[in-house]
Structures are given as C-alpha cells and as structure tokens.
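Each protein sequence line maps, in turn, to chains A and B.
For the first sequence, numbering that gives the first Met the number 0 assigns the number 0 to the initial residue and increments by one for each residue that follows.
For the second sequence, numbering that gives the first Met the number 0 assigns the number 0 to the initial residue and increments by one for each residue that follows.
There could be a bad hint or two in this list.
No copy is singled out in the list; a pair is fine if it fits within one copy or between any two copies.
Listed below are the simulated DSBU-like cross-link pairs for lysine-lysine, each with C-alpha atoms no more than 30 Å apart in a straight line [stated by the list, open to error]:
| id | residue 1 | residue 2 |
| --- | --- | --- |
| 1 | Lys76 | Lys199 |
| 2 | Lys55 | Lys199 |
| 3 | Lys16 | Lys168 |
| 4 | Lys78 | Lys199 |
| 5 | Lys55 | Lys16 |
| 6 | Lys199 | Lys166 |
| 7 | Lys168 | Lys199 |
| 8 | Lys55 | Lys78 |
| 9 | Lys168 | Lys55 |
| 10 | Lys166 | Lys55 |
| 11 | Lys168 | Lys78 |
| 12 | Lys166 | Lys16 |
Derived by calculation from the structure, the hints in this document are not laboratory data.
For clarity, every value in this text was computed on a predicted model and none was experimentally measured.
Protein chains: 2
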Amino acid sequence: MELYEAMSTLRAVRRLKADPIPEEVQGRILQAATWAPTGGNMQPWRMIAVTDAGNKQALEDLYRPYWEAYVPGYEEKMKSMPEAAQASSRRALDAGTYLATHMHEVPLIAVFCFNPSIMTITDIDQPRTSVVGGGSVYPAVQNFLLACRNEGLGCVLTTLLCYEEAKVKDILSIPEDWYTCAHVPVGYPVLGGHGSIRRKPVEEMVSFNQF
Amino acid sequence: MELYEAMSTLRAVRRLKADPIPEEVQGRILQAATWAPTGGNMQPWRMIAVTDAGNKQALEDLYRPYWEAYVPGYEEKMKSMPEAAQASSRRALDAGTYLATHMHEVPLIAVFCFNPSIMTITDIDQPRTSVVGGGSVYPAVQNFLLACRNEGLGCVLTTLLCYEEAKVKDILSIPEDWYTCAHVPVGYPVLGGHGSIRRKPVEEMVSFNQF
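In isolation and in its complexed conformation, chain A is listed as follows (with noise of 0.2 Å):
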C-alpha cells in the first residue's frame, strides 16, 4: 500500500473479530515495528505479542473498569466540541465499550514496553523529562499501526492499562526495570474497519517560524 493512503485512512478500529492472523502476516507487522528509529540506535524497547487466551481475558479484565470510568470523562469534553466531532466521538465511544468487553477475543495484543536506563536521553527536567524518552518507542508503535492497516487489519492504540501496570508486568513477567506504555488489541475489523479520519487543517496544526 501506498504510503500516505496507508497514513490517511489508519484510523482507530475498535470492533475487531476473533479470527486468526495468518503467520506471515504477523511476522510482517512485528518486523515492521522493529525498523523504527530510536534514540542512538538503542531500541530501548520490546513488544509483547498476547495471543493466550488466558493472558488476553486478565488482560481485559484489567482494562475494562477504567475504561468505564474514563467514559465519563471523554463525555464531559464532548460537550465543548462541534457537532459533527460530538457525533464521531458518541460512535467511538461505542466501539470502545465493544473493545473493552471483547478484547480477550482479539487474536493479538501488542504490549510495548521500555526501559528507561537504556535510554539515551532521560535526565531532563519534567514534564520532559518522559515525554522525550517516548520518542524511542512510540515511532515503533506507529509503524505497527500503519503495518497493521497495510495488511487489513484493525487496531488501536490504548494506555489505559498503565493504570494497573504492576498487574499487568505481573501477568506479563515483566521484569522490574521495563515499564508499559502501549496496549494494542490487533484484528480484522468487524466492519469496514478502516477509512476517512476526523483531523485539524494543516494550518491549525503547523505554523512558521513562530508559534
């Protein structure tokens, strides 16, 4: 697929079937990951790939309270957007309550972890501190979402389980000095899946020379 189509129709896929990913294909999405660029070429992080069944319904388990306690939340900023955005997000938050009760269907979860102290950068004041290190993990993450649309497949990008890491680095025998950033359920879309996305112009989004 061509790049910027790939890029322009990757939008966030919620409701996802239980049917299997064929092998080569989820080779071709892991490895798609792993070509990410890192700060100094460290790759300071590693994927989970969940495919038991028992690890993705604790896995669920997990997500879906803070899920149900985020709605409200979400709902209250709705109330401050346009209409046709208020309309888009009602829709999404549906597809979210379908994910948050069928994700232990999901044939995969990916579960990016990190590790800071093999981070090039990571002794920058806060709120900068963190946000800098994510720039060595989530272009993998990117490139896992824009494999995963390359081959059909729906997906989405989730944090909520960093709530309950400890939990989740349990289930996972995460060791100690990794940390979870990234949760994401992969599948065919049960409906069309992908298609057009809801973005800012260009020019709310990028000026020049001055802010």
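Since the structure of chain A is already known, use the hints to place chain B on it.
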C-alpha cells in the same frame, strides 16, 4: 512509495543540502504529520516549521554545545558494541558533527510541541506519566519522518534542544503551557541519503505472552 519500503529504508540522514524544498512537497510532509492518531483524537501537539535564517542559526548555536557534550558519552557506550555497530555508530557521530555545524543551512527545522493539559492521560505515576503522553505526539513525528523519506528528503529526529527549551521557546514564541519534544532538520541528502538500516532481529525485540 510502498509503506514497507519507506519504513525499512528510513535512516537518519544528517548531511543535508541547503537546497529549498518545493512548496507542494513541503505541504505533503506537513499534512502527513497531521494524520497521526492521538489519545481521544485531541491532537495535543503543534509543529513550528522553522525556515527563517536567523531562527535556524539561533537553534544551531544552542544545539552545538549539547552535541559536543553528547559525543563522549556515546563513544563510551560504543566500546561495548559489536565491531560492525561501532563502525556505523562512528559514521553516525561524524555525520552528527556535520549536522551540528551546518544546521543553519537546512531549508527546514520542524519543532514539535505538546501541551500536557490537553492530553487525555497525564496523571499516571512517574516514570510513565509523560512517556505515555508521548503516545500523542511521536506518532505524528514518525509520520513526518516517513513522509520525508517518501519525498526523497533526509531528516533525523533530534531531542538535544530539549535541554535548552526555555531559550527555544523564547526564540519561537512558544507559550508557557506548551513544551518541545522533537526537532527534525529536513533537507535533500548530500550523499545517497536513505538505504539499509541496522536493527536487532525481530526475535530479540518481540516475545510471545511472556517478556
């Protein structure tokens, strides 16, 4: 360009020509950044496209001492690398020194900013707080890098200027509640530019069900 070809040949290009970027090309790389997903579709980032000669020189003057201070530590890390990695890291350092003294010449420096107060998730305990916030800005940065690759433009994700954020904010009139997290010089490559990249094999980066 096909997605996987772009990803697998996106390497850091630090020797960049002063040649201008055609307006339509510039328009496409800026738009590609805006397509990226963000938490709750809040798009809590902005980019300042720095093209003004004075601003570029000012950023180079701030950058150079941090580059010079960064080199010895990285050279120390290199000692524990395999020989092939040492050689390519040496070439990267030399190219980095070129960049540190020619940054004022590049046609464009993209400065990515973010605002934690409009991010959906900011209240998770350190060190994950703001790494997770990075999930709403570095996907845009990665889209931008891939778009540059697609257009034959060289680029590299740098973060050293975060150490001089106060001065950068002053130069670019960045408001108090916005922070900087990536500075991407962009231009046509002096040499071939893109090509093979050196990454760990998938088996080292990805495991199944357990870390």
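So, going through the hints one by one against the coordinates:
1. In the homo-oligomer, the alpha carbons of Lys76 and Lys199 lie at most 30 Å apart inside one protomer (17 Å), although the nearest pairing across protomers, at 42 Å, exceeds that limit.
2. For the identical chains of this complex, Lys55 and Lys199 are inter-copy neighbours only, at 27 Å across copies versus 35 Å inside a copy, given an alpha-carbon limit of 30 Å.
3. For the homomeric pair Lys16 and Lys168, the shortest alpha-carbon distance inside one copy (26 Å) is at most 30 Å, but the shortest distance between copies (46 Å) is not.
4. Only within a single protomer do Lys78 and Lys199 lie at most 30 Å apart by alpha-carbon distance; the minimum there is 18 Å, versus 46 Å between protomers.
5. When the C-alpha separation of Lys55 and Lys16 is checked against a cutoff of 30 Å, the pair qualifies only within one copy, where the shortest distance is 14 Å, while the shortest distance between copies is 50 Å.
6. Proximity of Lys199 to Lys166 under the C-alpha cut-off of 30 Å is restricted to the inter-copy arrangement: shortest distance 28 Å between copies versus 37 Å within a copy.
7. Proximity of Lys168 to Lys199 under the C-alpha cut-off of 30 Å is restricted to the inter-copy arrangement: shortest distance 23 Å between copies versus 36 Å within a copy.
8. In the homo-oligomer, the alpha carbons of Lys55 and Lys78 never lie at most 30 Å apart, since the shortest distance is 34 Å inside one protomer and 41 Å across protomers.
9. Only within a single protomer do Lys168 and Lys55 lie at most 30 Å apart by alpha-carbon distance; the minimum there is 13 Å, versus 44 Å between protomers.
10. In the homo-oligomer, the alpha carbons of Lys166 and Lys55 lie at most 30 Å apart inside one protomer (13 Å), although the nearest pairing across protomers, at 47 Å, exceeds that limit.
11. For the identical chains of this complex, Lys168 and Lys78 are neighbours neither inside a copy (36 Å) nor across copies (32 Å), given an alpha-carbon limit of 30 Å.
12. Taking the shortest Cα distances, Lys166 and Lys16 sit within 30 Å of each other inside one copy (26 Å), while across copies they are farther apart (50 Å).
Consistency note: the structure conflicts with the earlier hints numbered 8 and 11.
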